[in-house]
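Take 583 as the starting number for the sequence shown in this note's numbering and just add one per residue.
Wrong hints could be hidden among the right ones.
Said to hold, decoys possible - Taking CB as the label site, the calculated pair distances span:
id : residue 1 : residue 2 : range
1  : K799      : Y849      : 24 to 34 angstroms
2  : G711      : D803      : 37 to 47 angstroms
3  : Y849      : F802      : 23 to 33 angstroms
4  : K742      : R842      : 32 to 42 angstroms
5  : K705      : D648      : 22 to 32 angstroms
6  : Y849      : E643      : 49 to 59 angstroms
7  : G854      : A740      : 24 to 34 angstroms
8  : R647      : H749      : 34 to 44 angstroms
9  : H749      : L777      : 24 to 34 angstroms
10 : E627      : P790      : 42 to 52 angstroms
11 : K705      : A794      : 43 to 53 angstroms
12 : R708      : R842      : 20 to 30 angstroms
To be verified - Computed cross-link-like contacts, SDA-like style, restricted to lysine to any residue with a CA-CA straight-line distance of at most 20 angstroms:
id : residue 1 : residue 2
13 : K780      : R795
14 : K799      : N773
15 : K705      : I884
16 : K857      : N771
17 : K800      : N773
18 : K873      : D712
19 : K873      : E754
20 : K634      : R679
21 : K780      : K800
22 : K742      : A776
23 : K800      : N779
24 : K654      : P718
25 : K780      : T792
26 : K857      : N841
27 : K780      : F802
28 : K857      : A835
29 : K799      : L751
30 : K654      : N677
31 : K857      : R888
32 : K780      : R767
33 : K705      : A686
34 : K857      : A839
35 : K873      : P753
36 : K634      : V650
37 : K634      : D648
38 : K742      : E805
39 : K780      : G838
40 : K742      : R809
Please keep in mind that the hints were generated in silico from the structure rather than gathered at the bench.
All C-beta atoms in this analysis are idealised placements derived from N, C-alpha and C, irrespective of residue type, glycine included.
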Amino acid sequence: MKPSCFQCPAPMRRGALVFCGLLSLATASFPVAVAGESPRESDAERLLLLRKEALAYEHGEGVPRDPVRAAKLYCDGARAGDPEAQFSLGWMYANGRGLERDDARAAYFFNLAAKQGHPQSQKMQRFVGDPASDTPECMRGVLPADDGQDVMVPINEAQKMVLSLVHQLAPEYGVSPRLALAVIRTESNFNPAALSNKNAQGLMQLIPDTSARFNVKKPFDPEQNLRGGLAYLRWLLAYFEGDVSLVAAAYNAGEGAVNRYRGVPPYAETRGYVKRIVSLFRRDDHPYDAKVTTPSPELPRIRLTRGS
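Work out the full structure, taking the sequences as your base and the hints as a guide.
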């Protein structure tokens, strides 16, 4: 893949954050990848075509320049997990390229790409400060389209009932059915009567404190258990701003442990758990509702550690 050529505009936007000496950050291309999986060829091709169309509208190459349309196309790619699209949209916000300059929005998209190991985004984080605490409108409320059918292939009527309940309830809580199914498969292997030696109970293995916290009276009742687990996932997604690795680590070891270690705790069980969830979910980010709770106070330090 050839790198796209980017020339410093003349005259440059007055007060732009990034000087021409840093424009080389925008010229390299990286393979399209959703964290946790190698994208299928068709997915990679679709994201590449989407990005090329956005680039054409951003620079007016063969079409009338339309930065608003470019931003929408980049956001479509960003929502699908494309780190290049996330970086490009962050770049537009950071430099006011056809959009009102917004460092917090830029930081939001740079952060998404940086979490996937995108080097330019990791470098750009230092210039734009903290990310916006709310989800940008074009990303808001949009769950991954994949319903996770491959995570669970029901073999009996009881499992069919669980699958149906997950698809019914998960959207009510703003949780992707695929993420919910990944947690259930890892926690209980879809057994509503599962009981661990730590007294974690039911499909989503709620400990008594979590059941009480989310008003679950009958943890072995599949619907009550699912509602409690989904409510907890919704809370964790808001608390860790959609970072699936941190959410999974907190579901396994508690949010306090994640805050204490400023990242995934160094427990073998928890690290294996996180790897399993991310592998099944096939993304490292998830939409979240910022109104549910304030974010973890340790998030800036966690991000700083990752970006260093």
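Those earlier numbered hints the structure runs against, lowest number first: No numbers; nothing is violated.
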